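Heads up, the sequence shown is in the numbering used here, so the first residue is 1 and it goes up one at a time.
One or more hints might be untrue.
No farther apart than 20 angstroms at their CA atoms in a straight line, the calculated lysine to aspartate or glutamate pairs in the EDC-like style are these [stated by the list, open to error]:
{"#": "1", "residue 1": "Lys27", "residue 2": "Asp166"}
{"#": "2", "residue 1": "Lys313", "residue 2": "Glu268"}
{"#": "3", "residue 1": "Lys298", "residue 2": "Asp240"}
{"#": "4", "residue 1": "Lys329", "residue 2": "Asp220"}
Computed spacing ranges between beta-carbons, pair by pair [to be verified]:
{"#": "5", "residue 1": "Glu321", "residue 2": "Asp117", "range": "38 to 48 angstroms"}
{"#": "6", "residue 1": "Trp47", "residue 2": "Glu302", "range": "51 to 61 angstroms"}
{"#": "7", "residue 1": "Gly317", "residue 2": "Ile145", "range": "43 to 53 angstroms"}
{"#": "8", "residue 1": "Asp19", "residue 2": "Ala209", "range": "36 to 46 angstroms"}
{"#": "9", "residue 1": "Leu225", "residue 2": "Ala305", "range": "16 to 26 angstroms"}
{"#": "10", "residue 1": "Asp108", "residue 2": "Ser181", "range": "41 to 51 angstroms"}
{"#": "11", "residue 1": "Asp133", "residue 2": "Ala209", "range": "58 to 68 angstroms"}
{"#": "12", "residue 1": "Ile21", "residue 2": "Ser74", "range": "21 to 31 angstroms"}
Just so you know, the hints here were simulated from the structure itself, not pulled from any lab data.
Only a predicted model underlies this, so the values are computations on that prediction, with no experimental measurement involved.
Note that CB positions come from ideal geometry on N, CA and C, so glycine has one too.
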Amino acid sequence: GKDESRVMLTDDIIKQNTDGISKVFQKFLTFGDATPTDAIMVNNDDWLSSISYLEFLRDYGQHFTINRMLSFESVKQRLAREAPFSFLEFNYMILQAYDFLELNRRYDAKLQLGGSDQWGNMISGCELGRRVDGAQLYALTAPLITTSDGKKMGKTAGGAVWLNADKLSEYDYWQFWRNTSDEDVIRFLKLFTELPLEEIETMEGWKGADINKAKIVLADEATTLLHGRDCLKAIHDTIDSMFKGGKSAAASTEGLNRIFVSEDEASEGVKFIDLFVKLELANSKKEARRLIQGGGAKLGEEKIADENAVLNKDSFGGANEVTLRAGKKRAGVVELQ
Numbered sequence: 001g002k003d004e005s006r007v008m009l010t011d012d013i014i015k016q017n018t019d020g021i022s023k024v025f026q027k028f029l030t031f032g033d034a035t036p037t038d039a040i041m042v043n044n045d046d047w048l049s050s051i052s053y054l055e056f057l058r059d060y061g062q063h064f065t066i067n068r069m070l071s072f073e074s075v076k077q078r079l080a081r082e083a084p085f086s087f088l089e090f091n092y093m094i095l096q097a098y099d100f101l102e103l104n105r106r107y108d109a110k111l112q113l114g115g116s117d118q119w120g121n122m123i124s125g126c127e128l129g130r131r132v133d134g135a136q137l138y139a140l141t142a143p144l145i146t147t148s149d150g151k152k153m154g155k156t157a158g159g160a161v162w163l164n165a166d167k168l169s170e171y172d173y174w175q176f177w178r179n180t181s182d183e184d185v186i187r188f189l190k191l192f193t194e195l196p197l198e199e200i201e202t203m204e205g206w207k208g209a210d211i212n213k214a215k216i217v218l219a220d221e222a223t224t225l226l227h228g229r230d231c232l233k234a235i236h237d238t239i240d241s242m243f244k245g246g247k248s249a250a251a252s253t254e255g256l257n258r259i260f261v262s263e264d265e266a267s268e269g270v271k272f273i274d275l276f277v278k279l280e281l282a283n284s285k286k287e288a289r290r291l292i293q294g295g296g297a298k299l300g301e302e303k304i305a306d307e308n309a310v311l312n313k314d315s316f317g318g319a320n321e322v323t324l325r326a327g328k329k330r331a332g333v334v335e336l337q
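All chains should be built: construct the whole structure from the sequences, respecting the hints.
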């Protein structure tokens with residue numbers, strides 16, 4: 001569980017987040033009402049916003065005991081770390097349980113899926129359904145996926161692995177999967193692609209350069225599921241020209257994350273450390289400075305040696321864009337507007 005208390009969100013931000021989540025799910029599920037298997041997306045505000053607090057305590061509070069709530073591992077861990085744990089957050093278990101009850105009543109939902117860290121909340125929903133309505137409800141959890149070194153999946157050197165292209169480019173998403181460790185690639189092929197198991201099993205014995213081919217298969221298939229196969233050509237062209245000495249760089253930057261600077265900004269000069277942060281090639285200015293000091297920052301093929309150096313009009317050399325690189329595999333484009 002998290003140590004930090006959750007940030008309170010406005011209705012506008014919640015609407016924005018809901019729309020973003022919906023767009024992602026539409027790539028994997030068919031929404032509608034044409035068949036019984038079509039998915040629907042509902043908002044628990046439909047039933048939570050009209051709840052009377054005193055009536056809710058009377059009707060449902062009696063089915064929860066503090067003893068039981070404190071017995072769940074997620075709560076135990078939070079208390080053991082002496083992390084802030086507000087009464088509001090303590091109520092999430094009750095509200096999520098009530099959500100399951102309402103989903104069963106309104107849509108005949110009988111199974112709730114979630115990560116293993118949600119076990120307590122999900123079981124509470126099953127118990128509430130049984131006690132209040134006599135409903136037989138079920139919960140199915142999956143363990144949080146970790147890499148072979150025990151770290152939780154979902155992070156890159158540049159931050160979180162977003163599923164929205166406006167948060168993480170198709171190229172960076174592809175690179176996340178391409179950078180999978182040798183020990184994890186076969187397991188991730190089974191978990192995150194739709195390739196036949198027989199085909200994946202033929203890769204299990206691959207070693208050396210061949211294991212890198214398996215990583216490319218993983219990156220291609222995982223990226224296709226989310227962004228479609230059409231984006232792969234631009235990604236491969238970028239890889240070939242930037243890291244294998246293939247086509248011209250001018251024709252190869254389509255798949256890279258991109259930011260823009262104006263003529264006025266270029267005339268004044270923009271610090272490279274700021275550009276690396278904006279391109280999400282570094283999480284902070286401090287990290288960007290370390291990248292430059294370590295020799296891992298480049299403007300095209302030229303190393304950036306001075307952490308105070310700036311990008312200016314001369315840096316473009318008559319072109320309308322330049323490529324900044326962080327290490328061997330990560331890059332982004334600065335375009336002149």
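What are the numbers of the hints that this structure violates, sorted from low to high? 9
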